[in-house]
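K.L.:
Single-letter residue listing:
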Amino acid sequence: MDEDRALMASNASKVVQFPRKDGVSDALQRIALEHGPALRRFVGARLSAHPDHEDVVQETFLRVARQEDVEEKLSRSLDSVRSYLFSIATNVIRDSYRKAVTRQKYDDLTRDRARARGLESSAEEVVSAQEQLGNVKAAIMRLSPECRDAFVLNRFGGLSYREVADTMNVSVSMVEKHIMRALAEIRRRVDRDQ
Amino acid sequence: MKARTDRTKTNSTSHAERRAQWFVTRLYSGDMTAADESELHRWLAEDPGHRQAYEHLLHLWDLSGDLVGDKDIAALTRGALRARTRTGFDRRWLGLAAAVVLAVVTGVLGRTFLGTTDEAQILETALGDQQTFVLRDGSSVTLNSGSRILVDFDSLGRRILLDFGEVFLAVAKDPERTLTIRAGDHVVTALGTKFSVHLAGHRLEIAVAEGRVAVSDDNIRFPRKTEFLAKFEAGSLILDAGSVATFEEDQQTVQEDSIGEVERLQSWRSGRVRFEDQTLMDVISEVNRYTRVKVLIEDSTIADLRISAVLNLDQVEMTGQVELLLSSLEDIHPIKVVRHPDRFVLIANPVGT
Chain A
1 MDEDRALMAS
11 NASKVVQFPR
21 KDGVSDALQR
31 IALEHGPALR
41 RFVGARLSAH
51 PDHEDVVQET
61 FLRVARQEDV
71 EEKLSRSLDS
81 VRSYLFSIAT
91 NVIRDSYRKA
101 VTRQKYDDLT
111 RDRARARGLE
121 SSAEEVVSAQ
131 EQLGNVKAAI
141 MRLSPECRDA
151 FVLNRFGGLS
161 YREVADTMNV
171 SVSMVEKHIM
181 RALAEIRRRV
191 DRDQ
Chain B
1 MKARTDRTKT
11 NSTSHAERRA
21 QWFVTRLYSG
31 DMTAADESEL
41 HRWLAEDPGH
51 RQAYEHLLHL
61 WDLSGDLVGD
71 KDIAALTRGA
81 LRARTRTGFD
91 RRWLGLAAAV
101 VLAVVTGVLG
111 RTFLGTTDEA
121 QILETALGDQ
131 QTFVLRDGSS
141 VTLNSGSRIL
151 VDFDSLGRRI
161 LLDFGEVFLA
171 VAKDPERTLT
181 IRAGDHVVTA
191 LGTKFSVHLA
201 GHRLEIAVAE
211 GRVAVSDDNI
221 RFPRKTEFLA
231 KFEAGSLILD
241 AGSVATFEED
251 QQTVQEDSIG
261 EVERLQSWRS
271 GRVRFEDQTL
281 MDVISEVNRY
291 TRVKVLIEDS
301 TIADLRISAV
311 LNLDQVEMTG
321 QVELLLSSLE
331 DIHPIKVVRH
341 PDRFVLIANP
351 VGT
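As you go down the protein sequences, you meet chains A and B in turn. Read in order, the letters of the first sequence correspond to residues 1 to 194 in our numbering. Read in order, the letters of the second sequence correspond to residues 1 to 353 in our numbering.
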């Protein structure tokens with residue numbers, strides 16, 4: 001516990017240095033300072049079982065730096081910037097996961113161990129992922145209107161909870177209730193078909 | 001703690017599921033605290049089933065992102081935006097519109113754009129209310145519950161007077177003019193930066209999220225940017241991003257490198273107020289800023305209890321939110337809440353009775 005705290009404290013005070021070019025680094029210093037702690041917390045919670053948090057944080061900052069309209073994006077309100085950073089971090093995590101899975105499969109194949117099983121399971125996985133996605137979509141389409149609007153505005157409209165709340169004229173805690181409800185319905189639908 | 005051990009086994013699956021939903025939802029809210037994070041890790045370590053439920057939901061959340069190019073989903077999203085924003089255009093258009101709007105227009109997303117009149121304007125919010133205004137230089141100011149400011153802009157300078165309450169400012173850069181905000185006996189001067197100022201009686205608190213500001217006493221002012229830069233170091237206190245300064249009577253304290261504390265102090269901007277290891281007295285005086293129904297501490301023995309809690313801000317049902325917070329305190333602290341129509345009274349509730 002105390003160790004965790006010390007670790008968190010040391011993470012929080014870390015300021016990432018970026019190469020100076022085109023004034024982009026200024027913007028990055030700013031986000032690292034303003035959003036670094038929240039991003040590290042987010043990555044820590046997403047990757048609770050894996051140790052490579054800092055790599056993900058750095059890669060997220062680098063991807064943000066490569067965006068063309070970085071200044072415009074960063075000048076938006078606190079929760080919109082966070083929402084944006086977290087979606088990029090999520091992509092980084094998914095990409096590195098996919099790479100790891102591919103590498104694992106490749107290793108299995110070259111070791112000539114369970115070759116057939118490896119191929120089979122990958123074909124199964126593709127089908128199962130597509131089926132799951134179909135179920136996720138079906139679940140979303142069947143949500144109550146309020147709940148569905150809150151979920152799609154956040155998940156596909158790129159609005160933060162606060163922006164969804166303002167748009168729908170409800171409280172932020174109400175938006176969170178809608179999101180939780182949507183997650184529950186998606187999970188129920190996917191589980192039913194497995 | 002007590003509630004957790006009392007829970008029956010049959011309940012625990014759906015409870016774990018709800019907790020997992022809650023954690024995933026919090027995770028993407030953008031204001032998860034260190035306390036939430038350690039609570040999550042503790043919960044995950046408690047039971048392998050917890051981790052499984054959590055990872056599964058994260059997987060489904062990620063997977064749903066692949067629907068972003070789906071035609072039906074895109075139509076739903078467009079429909080939701082149209083239906084919910086009464087006037088039917090999106091906020092980027094509003095940003096453009098702001099430049100040409102002369103009169104006061106109420107924005108779709110609760111922002112109000114102020115016109116180009118040279119007259120000073122008074123902006124205020126009722127208890128429990130929050131509002132964001134885009135000023136005509138492009139700066140935006142968000143007023144927290146029960147606050148009032150006077151905005152007075154002209155070619156000589158950008159002046160704001162904080163009468164009472166709390167504001168968050170995102171100051172637009174101006175090559176010529178500084179922006180000054182006067183609060184009590186102090187003047188805060190900024191170029192392009194983001195910070196909040198909270199005036200409560202004789203206590204003034206300034207938290208800087210981005211850039212830097214200068215704080216001086218009421219007599220010193222630098223309306224021109226050149227003057228300001230020349231005297232930046234002289235006679236004023238410089239606060240960098242991540243600093244929190246408080247002024248009370250003759251006392252002045254500055255905490256540097258405290259971006260976490262800045263975040264917490266400004267958490268009201270995202271619709272909730274967070275308390276981390278603060279005295280009950282401080283928590284209650286903060287809670288009282290948001291509601292007409294007041295909370296009183298009747299028993300001084302409980303005033304110093306250390307509290308971590310969250311108050312959700314809900315303009316429609318603020319009293320209910322306060323009641324929710326108080327009953328959660330009742331569960332874990334030796335406190336009893338006595339409910340009256342116009343107030344909540346907190347008294348000591350010795351453990352074991």
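Simulated from the structure, these hints should not be mistaken for laboratory data. Built from N, CA and C at the ideal position, the CB exists for glycine as well. Fair warning: there could be bad hints in the mix.
Listed below are the simulated BS3-like cross-link pairs for lysine-lysine, each with C-alpha atoms no more than 25 Å apart in a straight line [to be verified]:
id: 1; chain 1: A; residue 1: 137; chain 2: B; residue 2: 336
id: 2; chain 1: A; residue 1: 177; chain 2: A; residue 2: 137
id: 3; chain 1: B; residue 1: 336; chain 2: B; residue 2: 294
id: 4; chain 1: A; residue 1: 73; chain 2: B; residue 2: 336
Pulled from the structure, derived: some chain B residues nowhere near chain A, Cβ distances all over 12 Å [said to hold, decoys possible]:
id: 5; residue: 63
id: 6; residue: 77
id: 7; residue: 240
id: 8; residue: 267
id: 9; residue: 312
K.L.:
If a hint holds in the structure, say so; if it does not, say that too.
P.N.:
These are the hints, each one checked on the structure:
1. 137(A) <-> 336(B): 47 Å, violated
2. 177(A) <-> 137(A): Measuring from Cα to Cα gives roughly 20 Å; hence the hint holds.
3. 336(B) <-> 294(B): Between residue 336(B) and residue 294(B) the Cα gap is close to 16 Å, so the pair holds against 25 Å.
4. 73(A) <-> 336(B): Violated, at about 47 Å.
5. 63: 6 Å, violated
6. 77: Answer for residue 77(B): violated, closest chain A Cβ roughly 4 Å.
7. 240: 9 Å, violated
8. 267: 10 Å, violated
9. 312: 4 Å, violated
When the structure is compared with the earlier hints, violations turn up for hints 1, 4, 5, 6, 7, 8 and 9 and for no others.
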